[in-house]
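S.K.: Sequence:
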Amino acid sequence: MLRRPLTSITLTPEDVAAYETRRVQREYDAQRRYEAESSSRHQTGGVSVDISFTSTSSQEYPASTGGAEKSSSEHNAEVRAAMREMERAERELLQREKDKREAREGRERAGRAREERMGVSTRQGRS
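Under numbering that gives the first Met the number 0, the first residue of the sequence shown is numbered 0, with each subsequent residue one higher.
Just to be clear, a hint being listed does not mean it is correct.
Here are the simulated SDA-like cross-link-like pairs (lysine to any residue), alpha carbons at most 20 Å apart as the crow flies [said to hold, decoys possible]:
(1) K97 / R108
(2) K97 / D14
(3) K99 / E89
(4) K99 / D14
These aren't lab readings, by the way, just hints derived from the structure by calculation.
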């Protein structure tokens with residue numbers, strides 16, 4: 000029986016960022032579609048809703064809020080959470096890149112110092 004070699008996939012930080020951007024854009028587009036549908040429903044005789052409430056209310060939503068507003072609020076919260084997560088991932092990615100660059104520069108400095116101590120240079124064009 001013939002066996003295929005293992006397949007490996009390499010994802011770059013740019014790939015991850017592009018995926019996250021597309022995902023957030025899809026969520027944003029879905030939110031816009033929902034808002035457009037919702038506004039057209041309200042214009043064609045939607046339900047009037049009183050959304051006034053006090054800040055001491057222990058409920059997440061006012062008691063008089065309808066289901067459409069709840070789902071819209073929940074969706075908006077999910078989109079904001081996704082945006083925060085994407086920003087956090089981007090900060091982590093930038094920090095990792097910075098750490099890698101600093102580590103590489105440190106190794107290069109250590110290599111040059113070692114060469115200077117030995118009195119040799121393995122780098123072409125440098126002395």
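S.K.: All hints, please: hold or fail.
M.R.: Status of each hint after checking the structure:
1. K97 / R108: Holds, at roughly 16 Å.
2. K97 / D14: 18 Å, holds
3. K99 / E89: 15 Å, holds
4. K99 / D14: Holds - the C-alpha atoms of D14 and K99 are around 18 Å apart, at most 20 Å.
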